Amino acid sequence: MKVESRIFEIITVFFFIAAIVYTVLTHEVVGIVGLFLTGGLSLIIGTYFRFVSRRLETRPEDNPEAEVSDGAGDVGFFSPGSYWPITVAASAAILGVGLAFFYVWLLVIGGVLVLLAVGGLVFEYHIRPAEH
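Using the working numbering, the first residue of the sequence shown is number 16, and each one after it goes up by one.
Just so you know, these hints were derived from the structure itself, not from any lab.
Fair warning: this is a prediction, and the values are worked out from it, not measured in the lab.
C-beta atoms are modelled at their ideal positions from N, C-alpha and C, and glycine is treated no differently.
There could be a bad hint or two in this list.
[Claimed, not checked] Computed cross-link-like contacts, SDA-like style, restricted to lysine to any residue with a CA-CA straight-line distance of at most 20 angstroms:
id : residue 1 : residue 2
1  : Lys17     : Pro100
2  : Lys17     : Arg70
3  : Lys17     : Thr62
4  : Lys17     : Glu80
5  : Lys17     : Arg69
6  : Lys17     : Val83
7  : Lys17     : Phe29
8  : Lys17     : Ser57
9  : Lys17     : Val28
10 : Lys17     : Ala81
11 : Lys17     : Arg65
12 : Lys17     : Ile109
13 : Lys17     : Val90
14 : Lys17     : Tyr63
15 : Lys17     : Glu72
16 : Lys17     : Phe66
17 : Lys17     : Val67
18 : Lys17     : Gly54
19 : Lys17     : Thr27
20 : Lys17     : Leu58
21 : Lys17     : Leu56
22 : Lys17     : Ile59
[As the list claims (entries may be wrong)] Distance ranges between label pairs, derived from CB positions:
id : residue 1 : residue 2 : range
23 : Asp77     : Leu56     : 18 to 26 angstroms
24 : Thr41     : Gly96     : 50 to 58 angstroms
25 : Val67     : Leu131    : 25 to 33 angstroms
26 : Leu131    : Val44     : 37 to 45 angstroms
27 : Ala115    : Ser84     : 29 to 37 angstroms
28 : Gly49     : Gly111    : 18 to 26 angstroms
29 : Gly46     : Glu76     : 33 to 41 angstroms
30 : Leu131    : Gly96     : 17 to 25 angstroms
Can you build the whole structure from these sequences, using the hints too?
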């Protein structure tokens, strides 16, 4: 995660420098605020990645002398056939349409569907603890 945090720290510096230059050259408030907020958001992400990288063991991506074979092996578990991602996408589309046309009833339906779909995706492989 050190590589990712470094990338976001560089992006943070760029946006703050761009915001300062933009402030000096123009006095347009919305662009100035947008650039400073973008720099702040990238600072938040970079800081999070930096804190997470301290808790993880060194990955091959963080070692400059690592070989390609060092990253071999299982990456994680990926569901072979889950319908929940398409359900999340469809419910997010319903929510987006409700937001675009500002249909409050569709916003409520879309919000409930998004919550149900995300809950289904998160708890798809959750196994209930064994009862004694």
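task: Please write out, lowest number first, the hints stated earlier that are contradicted by the structure.
output: The structure conflicts with hints 1, 12, 27, although it agrees with all the remaining ones.
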